[in-house]
Amino acid sequence: MVALARKTLIYEWRRFLPAMLAVGFAGLLQLLQIALVLGIFGSTSLYITGSSADVWVGYPGTQSVGQGRSIDADVASRILMDPAVERVEQYLWVDGDWRGPRETGGLSVFVSGIDPSANGLMFSKALPPDLRQRLAEPDAIIVDRSDLQQLGVSLGQRATINGHAVRVVGISKGLRALGGVNVLCSLETARRIDNDPTDNGPTYLVAKLRDPAQADAVAARLRGDTAFGPYTTWSASDFASRSVRYWMFDTGAGAGVLFLAGIVFLVGAVITSQTLIAAVNGSVLEYATLNALGVGVAALRRVVLEQAFWVGALGLLGAGLLGIVLLLLARSQNVPVVLNLPAALACIALVMGLAAVSGLAAMRSLRRADPATLLR
Amino acid sequence: MPTASAIESTVQPALRAEAVCKAFVSGRQRTQVLAGLSLSINAAELTLISGPSGCGKSTLLAVLSGLQKIDSGRVLALGSELGQLDLRALERFRLQHTGFVFQGFNLFPALNAFEQVELPLSHMGMSRDEARARARRSLEEVGLAHRMKLRPSELSGGEKQRVAIARALAKEPELLFADEPTSALDAANGQMIIDILHRIAHTHGTTVLCVSHDPRLVIHADRVLAMEDGRILSDRRNHAPIIDSKEIPS
Numbered sequence: 001m002v003a004l005a006r007k008t009l010i011y012e013w014r015r016f017l018p019a020m021l022a023v024g025f026a027g028l029l030q031l032l033q034i035a036l037v038l039g040i041f042g043s044t045s046l047y048i049t050g051s052s053a054d055v056w057v058g059y060p061g062t063q064s065v066g067q068g069r070s071i072d073a074d075v076a077s078r079i080l081m082d083p084a085v086e087r088v089e090q091y092l093w094v095d096g097d098w099r100g101p102r103e104t105g106g107l108s109v110f111v112s113g114i115d116p117s118a119n120g121l122m123f124s125k126a127l128p129p130d131l132r133q134r135l136a137e138p139d140a141i142i143v144d145r146s147d148l149q150q151l152g153v154s155l156g157q158r159a160t161i162n163g164h165a166v167r168v169v170g171i172s173k174g175l176r177a178l179g180g181v182n183v184l185c186s187l188e189t190a191r192r193i194d195n196d197p198t199d200n201g202p203t204y205l206v207a208k209l210r211d212p213a214q215a216d217a218v219a220a221r222l223r224g225d226t227a228f229g230p231y232t233t234w235s236a237s238d239f240a241s242r243s244v245r246y247w248m249f250d251t252g253a254g255a256g257v258l259f260l261a262g263i264v265f266l267v268g269a270v271i272t273s274q275t276l277i278a279a280v281n282g283s284v285l286e287y288a289t290l291n292a293l294g295v296g297v298a299a300l301r302r303v304v305l306e307q308a309f310w311v312g313a314l315g316l317l318g319a320g321l322l323g324i325v326l327l328l329l330a331r332s333q334n335v336p337v338v339l340n341l342p343a344a345l346a347c348i349a350l351v352m353g354l355a356a357v358s359g360l361a362a363m364r365s366l367r368r369a370d371p372a373t374l375l376r
Numbered sequence: 001m002p003t004a005s006a007i008e009s010t011v012q013p014a015l016r017a018e019a020v021c022k023a024f025v026s027g028r029q030r031t032q033v034l035a036g037l038s039l040s041i042n043a044a045e046l047t048l049i050s051g052p053s054g055c056g057k058s059t060l061l062a063v064l065s066g067l068q069k070i071d072s073g074r075v076l077a078l079g080s081e082l083g084q085l086d087l088r089a090l091e092r093f094r095l096q097h098t099g100f101v102f103q104g105f106n107l108f109p110a111l112n113a114f115e116q117v118e119l120p121l122s123h124m125g126m127s128r129d130e131a132r133a134r135a136r137r138s139l140e141e142v143g144l145a146h147r148m149k150l151r152p153s154e155l156s157g158g159e160k161q162r163v164a165i166a167r168a169l170a171k172e173p174e175l176l177f178a179d180e181p182t183s184a185l186d187a188a189n190g191q192m193i194i195d196i197l198h199r200i201a202h203t204h205g206t207t208v209l210c211v212s213h214d215p216r217l218v219i220h221a222d223r224v225l226a227m228e229d230g231r232i233l234s235d236r237r238n239h240a241p242i243i244d245s246k247e248i249p250s
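Chains A and B supply the protein sequences, listed in that same order. Here the numbering used here is used: the first residue of the first sequence is 1, the next is one more, and so on. Here the numbering used here is used: the first residue of the second sequence is 1, the next is one more, and so on.
Because the hints were derived from the structure by calculation, they are not lab data. Since the model is a prediction, treat every value here as computed from it, not as a measurement. Cβ coordinates follow ideal geometry from the N, Cα and C atoms, glycine included. A couple of the hints might just be wrong.
[Stated by the list, open to error] Reference listing, derived: stretches of chain B covered by chain A, where coverage requires no fewer than 3 residues with Cβ under 8 Å from a Cβ of chain A:
(1) 59-72
(2) 88-101
(3) 104-110
(4) 113-119
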């Protein structure tokens, strides 16, 4: 079979270039948008993904990590009764009002009270062991490097949270929060900072399992017991995606992403289909001649679709290469970007879908390839 | 001594039109192009339909080749009534039995001469080797053996038309339709094209139907039909011996 579609694409590449650019930039835009959104909203599940707990226990109906409510500390003994559980520890979340040494105005901070012992689960992946140790000191706190400016504080300085004096004993990275500032301290410090009289237990209990693969099964079987007051359980991955989902969809951010994806798709498809239509129109006499010679319309349509496919594939290749460069650049500049396989596949699907829709649109202009018009 | 099939082919015309009517409607204007035209075209002959522009000769060609539907009457091509065939069946009929040469050469700019000829063959369901062998043979026949790897932009007008003829010829069609094949060419190239068409009719037994207003072609045709206002005015046979050009200059 003569590779008409490919040969035409190579020979007349200038004609197809706008379509490839449109597809490529649509793909690139989409890729960067998804990476940024995942990077930004991924920080809402930092508490879970940065820790090594396999099962989370919290107040029923909690929609994201930052919206917990205190549960009875005695639930821990119920959790420990399960033979799959190796270790349980408390996690206390306190919303605090920050007052730094410099005037910063009202600044809300998310205080995370964690177990500072060396084998503690919370933030075990985000916090280096030496920094973690320093939290054992009373009123010691650790903040993220990128938040120092906002907090108006530097290492070793004192500040107050909810009127309670604290001291910055360490500066870490990768602890940025969305909509506030993360402050890490020991459980004892957090309890002192917490001035909400209704809080009489930890916000969460986190458990490490002997076999992490059992997380879903264990979370399911620990659920539904009310002997120690209301609580429910999630596997870590379940709770993390629950938190991200909450931010993506219940805050309207996800709708924004989808809306922009729609716009990108539309603009890309308009440009690409116009280019492909022009290419078909440019060869309409040749197509009509082939049809006169008996080559079916279906075969001609396949040629147009194949061209659309190659335009999509080449555009995607360009977008992929440029995207990788830009993502690496973003990483090096502390811009939160994350790209995972489903997101990359979604981008590929969008771009190839765009090319397919454009190809279908261009196929319609094959109707002008009527061989009777060749006879004048 | 003529064989039985040769006798039959002279008895049974390859193409027959019976009381064919065709009109075009543009807005309120209705133009009757063919009004009850009847005609038989024989195999193994080069038949030329000549006449002034607008006389309906191209429409006649479109109707006889199944590219256009008729309003009334019948068109029989190789024994099939074209009006009875649906779009798919017509495409299949054209794929198996017909070749076309148009005034514009209509070659794909991206393909070289060899690929232009091979392209329709690969849709006929023949093997790659068979298609290539046929394409080569056909290009050799039109005298382009040494120009096979060139793209249309590197070929002259006459060469392009010869590629177009090779593309039609490689299908080994029983019916070959040519619409003004020489009008975009100079005298020498036009002469060469008509010689090739004539030779195809005689050596392959192909029914070659050519439509042209080019008076230079008249003496080269086996039969000349003069057309005006949608009717055949005269039907003349050239009995003078026609000298085939033995060599195709290239």
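Results for each hint:
For a cut-off of 8 Å, the count of residues in the region 59-72 of chain B with a CB near a CB of chain A stands at 6, and the three-residue condition holds. With 10 residues having a beta carbon nearer than 8 Å to a beta carbon of chain A, the region 88-101 of chain B meets the requirement of three or more and the stated coverage holds. Judged by the Cβ-Cβ criterion of 8 Å, the region 104-110 of chain B is covered by chain A as claimed, because 6 of its residues qualify and three suffice. With 3 residues having a Cβ less than 8 Å from any Cβ of chain A, the region 113-119 of chain B passes the three-residue criterion, so the hint holds.
In this structure, none of the earlier numbered hints is contradicted; all agree with it.
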